[in-house]
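Engineer: The primary structure of each chain is shown beneath.
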Amino acid sequence: MKIGVLGLQGAVREHLWALEKCGVETIVAKKSEDLADLAGLVIPGGESTTVGKLLVRFGLLEPIKERVRQGMGIFGTCTGMILLAKEIRGSDQPRLGLMDLTIERNAFGPQVESFEMELPVPVLGEEPYHAIFIRAPYAVAAGPGAEVLAELNGKIVLARQGKLLGAAFHPELTDDLRIHKLFLSMLAEKTGV
Amino acid sequence: MEKGTFTVKKGLAEMLKGGVIMDVTTPEQAKIAEDAGAVAVMALERVPADIRKEGGVARMSDPEVIIRIKEAVTIPVMAKARIGHFVEAQILQALGIDFVDESEVLTPADDRYHINKNEFTVPFVCGARNLGEALRRIGEGAAMIRTKGEAGTGDVVEAVKHIRTVMDEIRRVQNTPDEELMTVAKELGAPYELVVEVKRLGRLPVVNFAAGGIATPADAALMMQLGCDGIFVGSGIFKSDNPAARAKAIVEATAHYNDAKILAEVSRGIGGAMRGINVSGMHEEDRIAGRGW
Chain A
1 MKIGVLGLQG AVREHLWALE KCGVETIVAK KSEDLADLAG LVIPGGESTT
51 VGKLLVRFGL LEPIKERVRQ GMGIFGTCTG MILLAKEIRG SDQPRLGLMD
101 LTIERNAFGP QVESFEMELP VPVLGEEPYH AIFIRAPYAV AAGPGAEVLA
151 ELNGKIVLAR QGKLLGAAFH PELTDDLRIH KLFLSMLAEK TGV
Chain B
1 MEKGTFTVKK GLAEMLKGGV IMDVTTPEQA KIAEDAGAVA VMALERVPAD
51 IRKEGGVARM SDPEVIIRIK EAVTIPVMAK ARIGHFVEAQ ILQALGIDFV
101 DESEVLTPAD DRYHINKNEF TVPFVCGARN LGEALRRIGE GAAMIRTKGE
151 AGTGDVVEAV KHIRTVMDEI RRVQNTPDEE LMTVAKELGA PYELVVEVKR
201 LGRLPVVNFA AGGIATPADA ALMMQLGCDG IFVGSGIFKS DNPAARAKAI
251 VEATAHYNDA KILAEVSRGI GGAMRGINVS GMHEEDRIAG RGW
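So the protein sequences, as listed, match chains A and B. Just so you know, we're using our numbering here: the first sequence kicks off at 1 and counts up by one. Just so you know, we're using our numbering here: the second sequence kicks off at 1 and counts up by one.
Treat the hints as calculated values from the structure; they're not laboratory data. Some hints here could point you the wrong way.
[To be verified] Here are the simulated BS3-like pairs of lysine-lysine, each with C-alpha atoms no more than 25 Å apart in a straight line:
{"hint": "1", "chain 1": "A", "residue 1": "LYS31", "chain 2": "B", "residue 2": "LYS261"}
{"hint": "2", "chain 1": "B", "residue 1": "LYS199", "chain 2": "B", "residue 2": "LYS161"}
{"hint": "3", "chain 1": "A", "residue 1": "LYS155", "chain 2": "A", "residue 2": "LYS181"}
{"hint": "4", "chain 1": "B", "residue 1": "LYS10", "chain 2": "B", "residue 2": "LYS261"}
{"hint": "5", "chain 1": "A", "residue 1": "LYS21", "chain 2": "B", "residue 2": "LYS261"}
{"hint": "6", "chain 1": "B", "residue 1": "LYS186", "chain 2": "B", "residue 2": "LYS199"}
{"hint": "7", "chain 1": "A", "residue 1": "LYS65", "chain 2": "A", "residue 2": "LYS31"}
{"hint": "8", "chain 1": "A", "residue 1": "LYS65", "chain 2": "A", "residue 2": "LYS2"}
{"hint": "9", "chain 1": "A", "residue 1": "LYS181", "chain 2": "A", "residue 2": "LYS21"}
{"hint": "10", "chain 1": "A", "residue 1": "LYS21", "chain 2": "A", "residue 2": "LYS155"}
{"hint": "11", "chain 1": "B", "residue 1": "LYS3", "chain 2": "A", "residue 2": "LYS155"}
{"hint": "12", "chain 1": "B", "residue 1": "LYS161", "chain 2": "A", "residue 2": "LYS21"}
[As the list claims (entries may be wrong)] Chain A residues, not near chain B, derived (Cβ > 12 Å throughout):
{"hint": "13", "residue": "MET1"}
{"hint": "14", "residue": "SER48"}
{"hint": "15", "residue": "VAL51"}
{"hint": "16", "residue": "ASP100"}
{"hint": "17", "residue": "GLY125"}
{"hint": "18", "residue": "ILE132"}
Using N, Cα and C, we set each Cβ at its ideal position, and we do this for glycine too.
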């Protein structure tokens, strides 16, 4: 199974390291031709307005959506979750708009409010997940297509829809591979988006 | 729930990788930077080229300027404090700034000591010319390092020298037997534990950006190819003929730094670069990279 990490900007290498530990083949995806044979694409943490603009300028928005229609999955962390959402409150920034989520950006405040915590994620089992939130977004609402996997104070911080997975925090900054493995297991499922 | 941990501070720097951080002096410039795709802006009263020209004591910017810039954009906002001026840093933290640059571009407030950055919730970036300087700053709590280069000149030669020096010293540490690391730490003037970590990682323990003299898309790509994690552009954008076009081109060049075809394309038709100052012709006392201890 080959997984691409979108390499335009952000915490690219951390996702590559995590995926390599999971034992899958990885590439850094920067151009539409890099998407051709990917089972999944990871959109790392970064600055969502920057990555969105670069997706438009280098003509990647439509090719990514087309590959998703053909069955490619996407795992978006922080910036990636924002770009996956259909609605971003108060913003018309470029996005993929594939998940039924309404996102609030920088929802916890400026960097001094960034935090780490033990987050209960029932789908991963009893043991909580050490979640790192950095100028993080959350989703205030999920449409019928999206399944909420974790909440923090009533706000959605992990959600899936078919083969799409969005996290408001940064699994790439921890050594806990459970969320990357969850994504890889979603890709192996037979159901389409 | 824990705030202000080193993981969280360092984490924001990781998220800026592959991006461009631009100096801005007004909310309008901040919008231009954001629209061009900057990952963050540095809020200032004067860009380094003007600080250099006008002389006098360069201090933290007026909070009014910083607040107005903060209100204009959604991307992270950074601001500079003088070396050793921990009260300026306290004020910037109280303003809700996302990153503090303890910067040699401003006139140092302490001629011996830097800020104890571990005490703060807000993360810090500091300049470094070599591995020892970088590790001393990290030891004090810096969550991000940048080359010092020679700010406000538009001449990339010093930034190149600084990243080459850091990379060379990292390679040497990697090839040093464990029993020699304490002596290496002594010679570098760096904390031993951090030297050990550099050997283990084969890189700095925090991200390392380029700064000080980057003026063109090619300069940005050069620094990325030399091993920097991202780019600061100070005077290079708003002292050029067409700031919006140049800012966008530098963002694109940083994202595709290894693709000469794209670099050729984005470098076309963006107007003249800042005129700049040739560093080799400068008087020693006009250089600011030597500030910092």
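Engineer: State the violated hints by number, sorted upward, taking the hints as numbered earlier in the document.
Structural biologist: Numbers 4, 5, 10, 12, 14, 15 and 18 - these are the hints that the structure violates, sorted from lowest upward.
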